[in-house]
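Place chain B on chain A using the hints.
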Amino acid sequence: MIIRALIVVIIFACFFGSTAAVASSTTEAALAADPVAEKRLQVLSEELRCLVCQNQTIADSNAELAQDLRREIRTMIRDGKSDKEIVDFMVVRYGDFVLYRPPVKGITLLLWGGPLALLLLGLLILVRYLRRRVSRMAEDKPLSADEAGRADALLKEFDTR
Amino acid sequence: MNRYYWILGGFAALVALLAVGLNLNPRDVPSPLVGKPAPAFNLTVLATPDKTLGPKDLQGKVWLLNVWASWCVSCRAEHPILVEFSKKVDVPLVGLNYKEVRGDGGFDMSKMSADDERKLAFQRANKWLADHGDPYKLTVMDLDGRVGIDYGVYGVPETYVIDKAGVIRMKHTGPITPDVLARKIMPLLADLNK
Numbered sequence: 001m002i003i004r005a006l007i008v009v010i011i012f013a014c015f016f017g018s019t020a021a022v023a024s025s026t027t028e029a030a031l032a033a034d035p036v037a038e039k040r041l042q043v044l045s046e047e048l049r050c051l052v053c054q055n056q057t058i059a060d061s062n063a064e065l066a067q068d069l070r071r072e073i074r075t076m077i078r079d080g081k082s083d084k085e086i087v088d089f090m091v092v093r094y095g096d097f098v099l100y101r102p103p104v105k106g107i108t109l110l111l112w113g114g115p116l117a118l119l120l121l122g123l124l125i126l127v128r129y130l131r132r133r134v135s136r137m138a139e140d141k142p143l144s145a146d147e148a149g150r151a152d153a154l155l156k157e158f159d160t161r
Numbered sequence: 162m163n164r165y166y167w168i169l170g171g172f173a174a175l176v177a178l179l180a181v182g183l184n185l186n187p188r189d190v191p192s193p194l195v196g197k198p199a200p201a202f203n204l205t206v207l208a209t210p211d212k213t214l215g216p217k218d219l220q221g222k223v224w225l226l227n228v229w230a231s232w233c234v235s236c237r238a239e240h241p242i243l244v245e246f247s248k249k250v251d252v253p254l255v256g257l258n259y260k261e262v263r264g265d266g267g268f269d270m271s272k273m274s275a276d277d278e279r280k281l282a283f284q285r286a287n288k289w290l291a292d293h294g295d296p297y298k299l300t301v302m303d304l305d306g307r308v309g310i311d312y313g314v315y316g317v318p319e320t321y322v323i324d325k326a327g328v329i330r331m332k333h334t335g336p337i338t339p340d341v342l343a344r345k346i347m348p349l350l351a352d353l354n355k
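So the protein sequences, as listed, match chains A and B. The first sequence begins at 1 in this note's numbering and counts up by one. The second sequence begins at 162 in this note's numbering and counts up by one.
Just chain A, with the same shape it has in the complex (with noise of 0.2 Å):
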């Protein structure tokens, strides 16, 4: 029982050690203040790719260039800019690459166009060979008497031995 109890102290002081010091380490605690722009932060930012660590988000990652993204978007919420103006901020300096939902447009039409492509392909495959495979199975006829007869005769040679 005390064993079970240190345990859970240690879990414990290891978790909030922990936090204490990711909030020390950045500076984005004090201005962390506003939890409705905390929020609107945390919806703009998981849809932004950090540059730096591609596949993460500016949301999630801890690189220096994703920091300073987040303190950016905070200084422009603090503004009144609206999201359409902080994801505009972003396309223009970094281009599209950084939007995990890129604009339908010409040059990214194979990549979202692609997966339904494959899609009809992949439904006109099983179409074609389902078909083929009727077909197979109606040219399928019952055995002649005369085959009948030999089968029959075949089985019965391999009873007897």
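No lab work stands behind these hints: they were computed from the structure. One thing to keep in mind: the hints can contain errors.
[What the hints assert, rightly or not] Take a look, some chain B residues computed to stay more than 12 Å from chain A by CB distance:
no., residue
1, Leu179
2, Ser192
3, Lys197
4, Asp211
5, Lys217
6, Ala326
7, Ile346
[Said to hold, decoys possible] Label pairs and their in silico Cβ distance ranges:
no., chain 1, residue 1, chain 2, residue 2, range
8, A, Gly114, B, Ala173, 14 to 22 Å
9, B, Lys249, A, Leu120, 34 to 42 Å
10, A, Ser82, B, Lys298, 37 to 45 Å
11, B, Asn163, A, Leu126, 15 to 23 Å
We treat Cβ as the ideally placed atom computed from N, Cα and C, and that holds for glycine.
Relative to the frame of chain A, chain B by itself:
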């Protein structure tokens, strides 16, 4: 037999797709700034801290903007090429020192005053140029990286070619290699200076 050709063809197409796709450099993100006017800035000059410089001051000239920092390892690799370039070519090369102190990662910025950061940044940048040679016509100091954001900087070193009208004509992310210089930058400079 026919069906095997199909499978073989599909496989070959997949191999071709992967061969091209996996050889692309994911860091080489096309910059939307190419073809757009170079974003304005007004930053302190390293050698003369009482003066500032902006793209406007270079209007009418073809020039290069090279983003660097003393903590940036790849900058060290490209630096000799820049030094060589500055000796041979008469095109102004402007350095943009990017987050000299806070980009280093070795300092606790919450415990450093803005003044201390400034002093340390100038000292470190000057020392680095003294140690490795100074190819820059001049260097401006972007202490907090705000100008870097306007230029879409995400991996130092980066280099921009800016034409006489102040429009960005090329961006290169990562260290300049002799190959990039000879094949991309030099022909572009010659073309722009015609």
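For each hint, the structure was consulted:
| no. | hint | verdict |
| --- | --- | --- |
| 1 | Leu179 | 15 Å, holds |
| 2 | Ser192 | 6 Å, violated |
| 3 | Lys197 | 8 Å, violated |
| 4 | Asp211 | 27 Å, holds |
| 5 | Lys217 | 20 Å, holds |
| 6 | Ala326 | 19 Å, holds |
| 7 | Ile346 | 21 Å, holds |
| 8 | A/Gly114 x B/Ala173: 14 to 22 Å | 19 Å, holds |
| 9 | B/Lys249 x A/Leu120: 34 to 42 Å | 57 Å, violated |
| 10 | A/Ser82 x B/Lys298: 37 to 45 Å | 40 Å, holds |
| 11 | B/Asn163 x A/Leu126: 15 to 23 Å | 19 Å, holds |
Hint check: violations occur at hints 2, 3, 9; the rest are consistent with the structure.
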